[in-house]
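Chemist: Taking the hints into account, I'd like the entire structure generated from these sequences.
Each chain, written out:
Protein chains: 2
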Amino acid sequence: MPHFDDQALTSEVIESFANTPNTRLKFVIQETVKALHDLVRRTELTFEEWKQAIEFLTRTGQTCTPLRQEFILLSDVLGVSMLVDAVNHREREGATETTVLGPFYVGEHKPMPHGADITKGIAGEPMFVQSRVTDLAGKPLVGAEIDVWHADDDGFYDSQKADYAQLGPSLRARFITDAEGRFSFRTILPCSYPIPADGPVGDLITATNRHPMRPAHVHFLVKAEGYEPLITHVFLDGDEYLRSDVVFGVKDELIAKVQPRTEPTLPNGDAVTGPWHLMTYDFQMKPGAGMVPQPMMSAAE
Amino acid sequence: MPHFDDQALTSEVIESFANTPNTRLKFVIQETVKALHDLVRRTELTFEEWKQAIEFLTRTGQTCTPLRQEFILLSDVLGVSMLVDAVNHREREGATETTVLGPFYVGEHKPMPHGADITKGIAGEPMFVQSRVTDLAGKPLVGAEIDVWHADDDGFYDSQKADYAQLGPSLRARFITDAEGRFSFRTILPCSYPIPADGPVGDLITATNRHPMRPAHVHFLVKAEGYEPLITHVFLDGDEYLRSDVVFGVKDELIAKVQPRTEPTLPNGDAVTGPWHLMTYDFQMKPGAGMVPQPMMSAAE
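Protein chains in written order, with the numbering used here: chain V, 6 to 306; chain F, 6 to 306.
Among the hints, a few may not be true.
Identical copies go unnamed one by one, so any copy, or any two together, can satisfy a pair.
[To be verified] Under the rule of at most 27 Å between Cα atoms (straight-line distance), these lysine-lysine pairs were calculated in the BS3-like manner: (1) K39 / K56; (2) K228 / K291; (3) K144 / K228; (4) K56 / K166; (5) K56 / K144; (6) K56 / K291; (7) K115 / K144; (8) K31 / K228; (9) K291 / K125; (10) K166 / K291; (11) K115 / K125; (12) K115 / K31; (13) K228 / K39; (14) K228 / K56; (15) K262 / K144.
In case anyone wonders, no lab produced these hints; they're calculated from the structure.
Modeler: If you want it as structure tokens, here you go:
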């Protein structure tokens with residue numbers, strides 16, 4: 006009788022999926038088996054380590070709730086979420102870079118007028134955002150729809166708060182570009198903040214001497230007829246976590262210089278006392294089509 | 006500014022774990038990142054598929070209970086559990102082959118006399134087991150401890166039953182080898198049975214056109230002073246699932262010919278009417294030491 010051999014085992018497992026009716030599922034699962042088996046061989050994984058891995062995955066699944074997706078957080082801190090984004094957006098051809106949608110996109114809103122204040126009174130240093138949407142050649146796109154959202158000074162989004170249903174959106178809005186492709190709004194300066202660190206993913210971050218911080222950013226979702234929907238963040242230049250975002254979300258092209266300003270009047274005419282900030286960032290759209298994905302519930306926003 | 010590049014992302018993620026204090030954890034997590042990233046690249050995983058994977062893992066975690074370990078079941082049906090066993094037992098040097106311990110090992114029992122009936126009246130075709138424990142040269146090992154356990158005709162182990170605490174063990178026992186290294190007992194013929202198929206792992210088995218069956222087997226755990234503990238199964242020759250065990254647990258060396266017999270008396274003197282079965286299988290122990298692992302809770306027993 007042939008001696009048992011671990012390479013033969015791997016072949017046998019791959020072969021066991023040979024009759025999968027969906028050819029794409031068959032390919033993905035067979036590649037997954039190869040990857041897992043190679044990993045076990047390369048690491049010569051011990052029983053005790055295998056058991057720890059099983060316990061970690063179990064705890065990760067059991068930490069998930071309707072409001073918390075710990076497996077996405079795990080995917081995020083292992084760079085897998087950003088890699089999935091990357092392999093699905095290889096050819097940008099000069100279009101603005103992408104990132105993940107995140108868990109705090111809640112769908113569409115009634116458009117607000119240009120220059121609107123979206124803070125609903127939430128405290129923070131004023132920031133004014135001026136932006137333009139164009140095609141790859143710089144031609145303004147008229148009537149493009151832009152959803153924006155970002156966290157408050159404590160790192161929380163409006164939809165994470167218990168009274169969200171009563172209060173409605175804050176630091177969140179929709180705009181439509183004008184004849185020059187422009188839109189603008191008033192908000193507060195976002196800050197860096199930690200991902201949830203009290204679960205198994207937080208334990209992993211701690212055990213590996215990493216920090217849990219994300220650099221300050223604003224989310225943008227841009228849609229224009231005849232162009233691929235653009236899902237991205239704009240990061241604030243100078244943030245101390247730009248080079249070590251715990252979820253690896255930063256792309257150099259997405260860092261915006263935010264200018265310190267001292268004029269007593271914002272571009273929308275609001276009077277302000279003290280310093281404020283001006284963010285300018287333009288978006289280049291790639292021709293094409295595409296659905297906006299369902300909210301991805303990325304816990305790492 | 007450099008263009009974002011997915012290989013650079015992978016390097017950045019690997020580097021983020023560079024300060025892990027435990028060097029073994031550092032190695033295993035960095036290899037895990039490489040394996041996951043290579044998998045995403047090779048499959049060009051779509052957002053939708055990534056989301057399905059997240060949902061599958063979440064459901065697997067949430068299916069786990071104190072009595073059910075769905076992640077181990079997943080590890081089992083992907084051949085990972087057997088591979089971990091394999092890489093930890095590469096050099097057998099003629100010793101009996103190993104398999105996983107499984108979830109239904111419940112620890113030690115008071116030794117029973119040789120030839121004892123371990124069925125506690127559970128119905129089934131009688132089977133008598135005759136065995137011997139030796140070193141690699143065939144020298145009998147005296148006083149070796151052997152724990153045996155197997156499922157009933159419905160595929161359930163005693164410890165899965167609600168009244169286990171009252172009834173105590175059945176189809177489960179401990180024996181001590183005699184001066185010739187021998188032990189023997191009376192039980193019933195085990196049968197093939199399905200792993201739990203009502204969870205996400207069952208869905209995977211169904212979606213990939215696999216069957217959920219394990220071939221009939223008896224568990225053995227053999228301990229002898231100065232030898233590596235031996236954790237294994239003995240499978241019944243002729244079982245239709247020997248070549249397609251859903252958890253890939255079968256090694257050719259572990260298949261035993263079970264002889265059909267018709268004598269009216271078993272080797273232990275018990276009178277029987279009708280056919281019975283004789284299993285003979287000897288165990289060769291490898292010199293060394295080693296702890297018996299904690300019960301692994303493999304859901305696929």
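Chemist: For each hint, tell me whether it holds in the structure or not.
Modeler: Outcome of the hint check:
1. K39 / K56: Both: 20 Å inside a copy, 21 Å across copies.
2. K228 / K291: Only inside one copy: K228 and K291 sit 11 Å apart there, 67 Å across copies, limit 27 Å.
3. K144 / K228: Result: close within a single copy only, 15 Å intra versus 78 Å inter.
4. K56 / K166: Only across copies: K56 and K166 sit 25 Å apart there, 37 Å inside one copy, limit 27 Å.
5. K56 / K144: Neither, since 57 Å and 35 Å both go past 27 Å.
6. K56 / K291: For K56 and K291, the Cα distance is within 27 Å only across copies (24 Å; inside one copy 47 Å).
7. K115 / K144: within (26 Å within a copy, 85 Å between copies)
8. K31 / K228: Result: close neither inside a copy nor across copies, 34 Å intra and 42 Å inter.
9. K291 / K125: Classified as neither: same-chain Cα gap 33 Å, cross-chain 73 Å, threshold 27 Å.
10. K166 / K291: neither (35 Å within a copy, 62 Å between copies)
11. K115 / K125: within (15 Å within a copy, 73 Å between copies)
12. K115 / K31: Neither: 44 Å inside a chain and 49 Å across chains, both beyond 27 Å.
13. K228 / K39: neither (39 Å within a copy, 34 Å between copies)
14. K228 / K56: between (46 Å within a copy, 22 Å between copies)
15. K262 / K144: This pair counts as within: shortest intra-copy Cα distance 23 Å, inter-copy 79 Å.
When each numbered hint is compared with the structure, violations occur for hints 5, 8, 9, 10, 12 and 13.
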